[in-house]
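Enquirer: Okay, here's what each chain looks like letter by letter:
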Amino acid sequence: MIDNLVILFSAAMVVYVVLHAVMLDKKDKMNKRKPPKFTAAP
Amino acid sequence: MIDILIFGILAAIMISNVISPFAFAMGYVWVDIFYPQFISYNVFHNTPLAGIIGGLMGLSYVLADRGPIPKIKGMLALYVLFGLDITFTTYIAVEPEAAWVIYNPAVKVLIAAAFIPLVFRTRVRIEAFIQVILFAACAHILPWGIKVLISGGGYGKSLGLISSNGSALSESSTMADFAFASVPLFIYLVQHNTILNWPLRQRKILFGGLMLLFSVGALGSYARTGLVTLGMVFGGYWLRSKRKMLLLSLAAVLGIGLLISSASSWTNRMQTIVDYQQDNSAETRLVVWKWAWDFTKDHPFGGGFGDYLQQNVETDQIGPDGQHVYVTRRAFHSIYFAVLAEHGYPGLLLFISILAGSFRCLYKVRQATRGLPEEQWCYDLAGHLQIGLFAFLCGAAFIDASFYAVLWYQLALCMCLREYTLQNIRQPNGAAALPAVEPANA
Chain A
1 MIDNLVILFS AAMVVYVVLH AVMLDKKDKM NKRKPPKFTA AP
Chain B
1 MIDILIFGIL AAIMISNVIS PFAFAMGYVW VDIFYPQFIS YNVFHNTPLA
51 GIIGGLMGLS YVLADRGPIP KIKGMLALYV LFGLDITFTT YIAVEPEAAW
101 VIYNPAVKVL IAAAFIPLVF RTRVRIEAFI QVILFAACAH ILPWGIKVLI
151 SGGGYGKSLG LISSNGSALS ESSTMADFAF ASVPLFIYLV QHNTILNWPL
201 RQRKILFGGL MLLFSVGALG SYARTGLVTL GMVFGGYWLR SKRKMLLLSL
251 AAVLGIGLLI SSASSWTNRM QTIVDYQQDN SAETRLVVWK WAWDFTKDHP
301 FGGGFGDYLQ QNVETDQIGP DGQHVYVTRR AFHSIYFAVL AEHGYPGLLL
351 FISILAGSFR CLYKVRQATR GLPEEQWCYD LAGHLQIGLF AFLCGAAFID
401 ASFYAVLWYQ LALCMCLREY TLQNIRQPNG AAALPAVEPA NA
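So the sequence lines, in the order shown, correspond to chains A and B. Under this note's numbering, the first residue of the first sequence is numbered 1, with each subsequent residue one higher. Under this note's numbering, the first residue of the second sequence is numbered 1, with each subsequent residue one higher.
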C-alpha cells in the first residue's frame with residue numbers, strides 16, 4: 001500500500017516536471033526566435 | 001497496475017519529446033534511477049528500457065536538439081579516457097565473466113554522464129534534470145522514511161521499494177548516503193525553481209517534507225554511512241554560515257534529541273564508527289581495503305570488475321569453531337578502493353581527476369556568476385552542489401557506489417553548470433551576462 005502510493009506520487013511528480021519543463025523550454029526557444037522590438041527614441 | 005503507470009510515464013515522455021526534444025534525456029535519467037524493470041513484474045520486467053530510451057535520446061539530440069560545440073573539452077576528455085581505461089581493464093580482467101556483466105551498466109552510466117551536459121544546457125533543463133533525479137529517487141527513499149515513522153527502522157531491515165540489492169538506492173548505505181547528500185539540492189529547489197514555480201510556502205512544505213522523510217529513512221536504516229554524510233552536509237553549511245554559534249547550538253539540541261528518542265540499538269550501531277574493532281563488518285572492511293591495496297601492488301593496471309571474487313584472506317578474528325575467520329568474495333565497500341583494485345593506479349588517477357575536475361567546475365561557476373543577479377540561481381546551485389557532492393563522496397568512502405547513476409549524475413550536473421556559464425557568460429569577472437547563442441537547427 002505505502003509502496004504503491006509512493007510510486008504514484010513519484011510518477012505524478014516526474015510527469016509534472018517533464019511536461020512543465022518541455023513547455024517552458026519551448027517558450028524559451030520561441031522568445032529567443034522573436035525579432036528584437038525597436039522602439040522610437042523619446 | 002504498476003505496468004500501466006510505467007506505460008503512462010513513458011507515453012508522457014514520448015509526447016513531451018514532440019514538444020521539446022530533450023524529454024527522452026529526462027526519460028533516460030528517470031529509468032536509470034527509478035529502475036522500472038525491477039519494479040514491474042510483467043511487460044517491462046525484461047524490456048531493455050534504458051537501451052531503448054538511450055537510443056532515442058541520442059537520435060533526438062542528433063536530429064533535432066544539437067547545441068553549440070561543448071566548451072568543457074577537458075572534462076569530456078577525462079570521461080573518454082576513464083571509459084577507455086575501464087574497457088581495457090575489463091579485457092585483462094582476472095574474472096572475465098563477472099567483469100563483462102558489471103562493465104555493461106558501468107560504461108552506460110559513464111556515457112550518459114558525459115552526454116548529459118550536451119542536452120541539459122539551459123536553466124529550465126538543468127532544474128528539470130535535478131527534479132527528475134530527486135522525484136525518481138523518492139520512489140526508493142520515501143518508503144524507508146514512511147515505514148520508519150510508522151513501525152521503526154532497524155539494521156538489515158528491508159523497507160525500500162526493492163527488497164534485494166537490485167539497484168543503487170535499494171541498498172541501505174547507498175540510500176542513506178544519497179538521502180543526506182540530496183538535502184542541499186532540496187534547499188536549492190526551495191530557493192529557486194522555475195518549473196515548480198509555486199508560492200514559496202508551498203515549495204517549503206513539499207521539499208521540506210521530502211527532506212524530512214529522506215532524513216528519517218536514512219537514520220532509520222541504521223546505516224553508519226548516512227551519519228558520516230549528514231555530518232559533512234552540516235559541516236559544509238556550518239563553514240559557510242555567518243551564525244556559526246546559532247547553528248552549532250541548534251545541531252547540539254537536535255543531536256541530543258535524536259540520541260534520547262532513538263533506540264539503544266541505533267546508538268550502539270553508530271558507536272561502532274568510533275569503536276570499529278568491536279564490529280565485524282567494520283573490521284572486515286579494513287581487511288578488504290588492505291587486500292585491495294596489496295592486490296594493486298601485484299596488478300598495477302587493476303584486476304578488472306569483479307576481481308574481489310578472488311579474495312580469500314585470513315583474519316585475526318576467531319570463529320565459533322576456534323579457527324581463524326576467512327574473508328572471501330567481499331565487495332570493497334569503498335568507491336576509492338574499488339576503483340583502485342579494479343582499474344589500478346591509472347584508473348584511480350583518472351577517477352580522482354574527474355572528481356577534482358568537477359569541483360573545479362563548481363568553483364569556476366561560482367567565480368563567474370558571483371554578483372550577477374540574473375545568474376544567482378547558478379551561483380547558489382553550485383554552492384549547494386559543492387556541499388552535497390563532497391558529503392556524498394565522504395560517505396561513498398564506505399560504500400561500493402563507483403558506477404552508480406546517483407554519483408555520476410551529480411558529477412554530470414557540475415559539468416552542466418560549467419558548460420552553461422561558458423556558453424552564456426562572456427566575462428567571468430561578472431561584468432555582463434549575455435544570452436545563449438541558439439543553434440540554427442534548435
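By construction, these hints were calculated from the structure, which means they are not laboratory data. Idealized CB from N, CA, C, for every residue including glycine. Among the hints, erroneous ones may be present.
[Stated by the list, open to error] In the DSSO-like style, the derived pairs of lysine-lysine whose C-alpha atoms are separated by at most 30 Å in a straight line are: (1) B/Lys73 / B/Lys108; (2) B/Lys364 / B/Lys242; (3) B/Lys364 / A/Lys32; (4) B/Lys73 / A/Lys32; (5) A/Lys26 / B/Lys108; (6) B/Lys364 / A/Lys29.
[To be verified] Residues of chain B placed beyond 12 Å of chain A at every Cβ, according to the derived structure: (7) Glu127; (8) Leu227; (9) Val253; (10) Gln323.
Enquirer: Does each hint hold? Answer for all of them.
Expert: Evaluation of the provided hints:
no.	hint	in the structure
1	B/Lys73 / B/Lys108	holds (20 Å)
2	B/Lys364 / B/Lys242	holds (23 Å)
3	B/Lys364 / A/Lys32	holds (27 Å)
4	B/Lys73 / A/Lys32	holds (26 Å)
5	A/Lys26 / B/Lys108	holds (29 Å)
6	B/Lys364 / A/Lys29	holds (27 Å)
7	Glu127	violated (8 Å)
8	Leu227	holds (24 Å)
9	Val253	holds (30 Å)
10	Gln323	holds (43 Å)
The earlier numbered hint that this structure contradicts is number 7, and it is the only one.
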